Structures are given as structure tokens and as C-alpha cells.
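Residue numbers (our numbering), protein chains in the order written: chain A, 3 to 112; chain F, -9 to 105.
Relax, there's no trap hidden among the hints.
From the structure, some residues in chain F lie toward chain A, with a derived Cβ separation under 7 Å:
1. Q31
2. F35
3. L80
4. T93
5. G99
Here are the computed lysine to any residue pairs in the SDA-like style, where the Cα-Cα straight-line distance is at most 20 Å:
6. A:K44 - F:P98
7. A:K44 - F:T93
8. A:K44 - F:I2
9. A:K4 - F:N49
10. A:K4 - F:N45
11. A:K44 - F:S(-3)
12. A:K44 - F:D75
13. A:K44 - F:Q16
14. A:K44 - F:E(-9)
15. A:K44 - F:T(-1)
16. A:K58 - F:T93
17. A:K44 - F:S76
18. F:K3 - F:D74
19. A:K44 - F:H0
20. A:K44 - F:S14
21. A:K69 - F:T93
22. A:K58 - A:A70
23. A:K44 - F:R101
These are calculated hints, taken from the structure and not from any lab test.
Note that this is a predicted model, so its numbers are computed, not measured.
Backbone N, C-alpha and C define an ideal beta-carbon position, used for all residues, glycine too.
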Amino acid sequence: QKEVEQNSGPLSVPEGAIASLNCTYSDRGSQSFFWYRQYSGKSPELIMSIYSNGDKEDGRFTAQLNKASQYVSLLIRDSQPSDSATYLCAVNNYGQNFVFGPGTRLSVLP
Amino acid sequence: ETGVTQSPTHLIKTRGQQVTLRCSSQSGHNTVSWYQQALGQGPQFIFQYYREEENGRGNFPPRFSGLQFPNYSSELNVNALELDDSALYLCASSLGVGQGAGTQYFGPGTRLLVL
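Based on the provided sequences and hints, a complete structural model is requested.
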């Protein structure tokens, strides 16, 4: 059973702080890793994709991947109240076998 | 906006009925995946269609079935509805398989309530 695990939260951070979201996965064959943001009542929205070990930065977001440890993280710098949402980690093998984690609820406090 | 559309947006059915949900993929995408998301949970993979063929299936019973059409739009059919089928049904489109091709873009979803 391929699994993706995340802390369900809620994770509360003050406005302007760094939010750190973590994800572990069980399938060593996983090749592609994604972070989605989902606002309440809405569908998931792609934030970042990462395929290689190391860091990938896009604006205030940084994804980190460590395949040896089967670990993916997302850092959100200068967190804003509009970042308050559920963050979903997803992994797959070249487009097949997409597996999502349960999501971490983030609350950014003004 | 991802360019992925779904219909209807909301649906109420009674137990035992059948339902068909529809999805139009993003322009240029040939792969459609369907997910079920219960309240407070992550999306659960139902199945994927690639160039009109089923290309993977999650742990869902046969009463969940699908189709993909030549224009790559897709349908999800659920027979003999059960109360536990109440969920948000998400369609995601992507461009085939291979590194970089797995990025999926979601439609707005169809919220199904089974009474």
C-alpha cells in the first residue's frame, strides 16, 4: 500500500513567519512530487513540483526533496493570512499512481 | 483557472441511484484522472484515462466506471449509490506520462450528496 503522510495540523504561524510543512512517502519508486493548496470548498491548486533532490524555489515558496529519506517539505516565507489553507502533498511515478496525503491545515494569524 | 471544467457543480441523489459526472480536460492534455475527496481527507485516486484507455485504477469497486472520449473529455459513472459515496469528485487533466508530464491540474469539482 503506497502511502503519503502529513501532519494534519492545524499548524498556526504568525503573519510574516516561515511556515514549514512536511511530508513522507512510502514508495521508493516515486519520481515526481507536488504540493497543492486547497482552500475550503475549492479544488486543489498546484503550487510547486519537484523531481530532483535538493531545493526548488518559486517566490515565497521553497520545496525540498530528499529521496534517500523519502521526505518532501514546503517552506512558505513571509506567511500571509491568504496562505491559510490545507496543503496537500502528492507523489507519483511518471504520471501514474498518484497518491495524495491527507493534507496539513495551515492557519496564518494576523 | 486551469481550463479544466466539470459538470454539474452540485448533485443530490438517493441511495441506489446512478450518477454521471463529466469533465473537460485542459487544451492539449490527453490524460484525465478522477479522485474522490471525502470531507477532511486528501483526494483518493479512482482511475486514470490516457488516450481513451484506462491507465490505472485505485481501490474502488467496479460500480465506479469511466470513459474517455476522442476529444479527451471524460465521464465518471457510479452505479448503486451508497451513502458513503457522498464526497467531492475531482477531475484532473495532465499531458500523458513521463517526468514533467504528471503535473495534474484540477477542475472545480462536483459535490455529490447521497441521501
